[in-house]
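Q: Each chain is listed here by its residues.
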Amino acid sequence: MVALKVSVQLEDFSAQEEEKCLLSDRRDIGALISFIGLCRDEEPPLSALELEHYPGMAEAEIAAVAKEASLRWPIFGATIIHRYGMIKPGAQIVLTLVAAAHREAAFASAQFIMDYLKTRAPFWKKRHFSDGTEGDWVAPKIEDDLALDRWLETKPPLP
Amino acid sequence: MKAVYFAWVRERIGLAEEELSLPEEVKTVSELVDWLVARGEGYALAFENRQSIRAAIDKRHASAHSLIASAREIAFFPPMTGG
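These protein sequences, in sequence, are chains S and U. According to the working numbering, the residues represented by the first sequence are 1 to 159, in order. According to the working numbering, the residues represented by the second sequence are 1001 to 1083, in order.
Bound conformation, chain S alone (with noise of 0.2 Å):
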């Protein structure tokens, strides 16, 4: 029985709140991976990124990444938190916890996870300058298409 949590919403999030809560006092856990993902300032200055979203298809696509995740690598649970709304530079966006018994695992799925959430999920991020200029959305990355790439050779994608 694989853990998997998945969340979007507004609050921000303790990392160490969710570590404590996908260890819950397990003895076969050898392997914990914790990323966050960050809001970066920019020149010109952000105010803030507002982070759009697709409620209901944001949480299945989330859910459905972390659920094929589990069936690549023997994992024992994943975490995955992904905020929305104004989110100001320094602050947190997202969260990924992987947990197994061997590292390989645990990096290889992590990875796997934010690949795949970052062009699958229904997000949107659109900058705020703070002299209130006008904000202009954020361009997707070729890079982040290209990252896809590394986890095809091995099996198809998802449908």
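In silico DSS-like cross-links for lysine-lysine, where the CA-CA straight-line distance does not exceed 27 Å:
no. : chain 1 : residue 1 : chain 2 : residue 2
1   : S       : Lys20     : S       : Lys67
2   : S       : Lys141    : S       : Lys126
3   : U       : Lys1002   : S       : Lys126
4   : U       : Lys1059   : S       : Lys5
5   : S       : Lys126    : U       : Lys1059
6   : U       : Lys1059   : U       : Lys1027
7   : U       : Lys1059   : U       : Lys1002
8   : S       : Lys5      : S       : Lys88
9   : S       : Lys141    : U       : Lys1059
10  : S       : Lys88     : S       : Lys141
11  : U       : Lys1027   : U       : Lys1002
12  : U       : Lys1059   : S       : Lys67
The set of hints was computed from the structure by calculation and includes no laboratory data. As the structure is a prediction and not an experimental result, all values here were calculated from the model.
Got chain S sorted already, so can you dock chain U onto it with the hints?
A: Coordinates of chain U only, in the frame set by chain S:
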């Protein structure tokens, strides 16, 4: 059928969602885009570069050829930039 729009697709169309009554000949996502584009300037602007628009049918990713016959909700949005 309900149509929902996100990010700059929503901004260009000027609506977050609307109810559509489609003529029978509109059967695929691609034909729906043709039909929407003919409705006005905002739609034409939103879909001016069709390769950059993604669609979902009932909250699942869809392609230009996907059939919309039994769809309750169809969504249009730009490539995703989460994470």
